[in-house]
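Listed in order, the protein sequences are those of chains Z and X.
In this text, residue positions in the first sequence follow my numbering: the first is 21, and each later residue adds one.
In this text, residue positions in the second sequence follow my numbering: the first is 21, and each later residue adds one.
Since the hints were made in silico from the structure, they are not lab data.
Among the hints, a few may not be true.
Since the list can't tell identical chains apart, any single copy or any two copies may satisfy a pair.
Dumping the calculated DSS-like pairs for lysine-lysine here, alpha-carbon to alpha-carbon at most 27 Å [stated by the list, open to error]:
id, residue 1, residue 2
1, Lys31, Lys102
2, Lys63, Lys136
3, Lys31, Lys344
4, Lys344, Lys63
Protein chains: 2
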Amino acid sequence: MTLSNSFTLLKQDGEARLGSLVTPHGVVRTPAFMPVGTAGAMKGIHWRDIRDAGADIVLGNTYHLMLRPGAERIARLGGLQKFTGWNGPMLTDSGGFQVMSLAQLRKVSEQGVTFKSHIDGAVLELSPERAIEVQRLFGSDIAMQLDECVRLPASRDDIERAMRLSIRWAERSRRAFEGAPDGHMLFGIVQGGDVPALRRDSAQALVDIGFHGYAIGGLAVGEPQEVMLAMIGEAAPLLPQDRPRYLMGVGTPDDMLEAVARGIDMFDCVLPTRNGRHGHAFTRRGVINLRNARHADDPRPLDEESSWPGARDYSRAYLHHLIKSGEALGAMLLSEINIAYFQHLMSGIREAVGGGTFASFRERTRAGWAAGDLPPR
Amino acid sequence: MTLSNSFTLLKQDGEARLGSLVTPHGVVRTPAFMPVGTAGAMKGIHWRDIRDAGADIVLGNTYHLMLRPGAERIARLGGLQKFTGWNGPMLTDSGGFQVMSLAQLRKVSEQGVTFKSHIDGAVLELSPERAIEVQRLFGSDIAMQLDECVRLPASRDDIERAMRLSIRWAERSRRAFEGAPDGHMLFGIVQGGDVPALRRDSAQALVDIGFHGYAIGGLAVGEPQEVMLAMIGEAAPLLPQDRPRYLMGVGTPDDMLEAVARGIDMFDCVLPTRNGRHGHAFTRRGVINLRNARHADDPRPLDEESSWPGARDYSRAYLHHLIKSGEALGAMLLSEINIAYFQHLMSGIREAVGGGTFASFRERTRAGWAAGDLPPR
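Extracted from the complex, chain Z is given alone in its bound form (with noise of 0.2 Å):
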């Protein structure tokens, strides 16, 4: 059975791309970053804010939704866009990430995973069926298949054991799939661990099987970087020139800079939120540490050239003060600055490969990068 194509690579530079990814919520420009609204929010930014940076598509969990508010109540109040009020493409992990991280007593089997909530201790299984039916209800534009993420560092045996296990769950996937509206997505899952041959094997029967979009899972799970870009260097040669690929959980500017530099077109990550709030501020010129006394009598804003308001009308000594008195304002304020930098920088990147700049633009920002108070990963 062949598959719809609504992913359209516009421009190459180098190994750089620049495309456009159709949707039925709408269009997404790549490389994009996807902001993470984990249980259908994003942690202290409004919705029109996430939408006014810049972002096109954003991701929700679906580990918290099928556990709260639960999968057909969202279905029964009109799916995730309409429950959430971000009108916008979304995609959904598959779950299985967090059951690994957050659930209890989990057992993993050839059928699925059996885990007990963290919520309230009720036992709940999350099969390759059952997470594509999840995501079905919740009408997301781009599903995720369930696989397993192993941790790093493992044996050899135990990446391989869960990367088998991940392409026999992504048949069952793509099956479970069928049928789901027109323009609907599913995205295989790269797995493999640190091992080259296993990424390479994984991303050909992945592809072998067929998807929409293909990612590369199992990464920034405290490997070095060069490890995940190694990674990268094995898998995406492999995929399709004309799907989309998506680097799961990255990551750090810099991380996403290099990753697109291999041919990446879409990454998430919480780093611009979490950060957020505990008072990182990403700029153009590195990461800023507001909670540093130094900043405290600096009437500057973070960037008086920045196009994002935040970062351009209030003093850092104000910011400083907020984050320092645990002030709500200052984690809302440096989580939408943050995610507005990285938007700028997808922005940015985007302008640079369409204009066969990239090479020049990627030096470019990595040097301003180093005045900041913190390394850039």
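For this one, chain Z is given, so just place chain X on it according to the hints.
Chain X only, in chain Z's frame:
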């Protein structure tokens, strides 16, 4: 010495008043509700939304701000308006109330109050003169005198001692305010607990000293509503018609409606934000408790006719989900929805007083609240 007057009484309807107060940072339409930005920020609300909701003026807490970031620092950074980015009128309290409720080891003497900071344990003194100095460093449009507020119930002797001390502090505050820049105002505070004769003595003594405006303090501290209204009834008739009257720390929509009916012009309260964080929505149809499970599947917005997007664009089911999940967005949305409702109520009051229809507005509004989950007070 005569005091300048920037208040204009535009219209009276029974005892209810429509007015306009010109401050150095803009005009305040009265009756006015002042959202409380404790430590230089609204809890969970962007400044732009406070303004969009219709607030002309906000309140800052001197106790919090003098401890952190400090009055001298705020002055160096250009004053409270420039520091916070709220470029409109601001009233600051004297710090006395929070010293009583938050600080440790406080000791009241004729000179002032000594206390230990709840942040770092530093021993500090707040005198009537220092309270004025701090508020002048802030650049507050309206400063409040230092007073001693007694918790009710209390003995008549305790209430009278604190009231007499507050009068002596009022005189010292007035002297300390001499030479303040044009247009900046100082309000005296009527005390006297629940003792009618003491309320009258306090009001008369303050009028003899002379202030730009008059507050009624020491109410909304747990006493029944009828006691609060009776005390307003003692004090208000003694206050000059041509000066604004501010009922401190009040209150519920019903309290405000009744206080306006007795000649009050200004209010402040943490209720809309604090109760918003707890899942309570203030609406035309009363208080809706969104923690209640009966809202879990309700696709209706809080108020489909509201002029505030948050009250109109999100379902009760979604707000219920956000509050149950502890998502910051739930507190953010309900806080701004409540602030917007309080401002909407004030706007309705002003329109009714202006049109001479306050009595019927009051009845209609109170009848509307009856449909809520919780009593209006």
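Results for each hint:
1. Lys31 x Lys102: Neither way: Lys31 and Lys102 sit 34 Å apart in one copy and 46 Å across, limit 27 Å.
2. Lys63 x Lys136: within (25 Å within a copy, 35 Å between copies)
3. Lys31 x Lys344: neither (46 Å within a copy, 46 Å between copies)
4. Lys344 x Lys63: Answer is both; intra-copy 19 Å and inter-copy 14 Å each pass.
In summary, the structure is inconsistent with hints 1 and 3 from the numbered list given earlier, while agreeing with the others.
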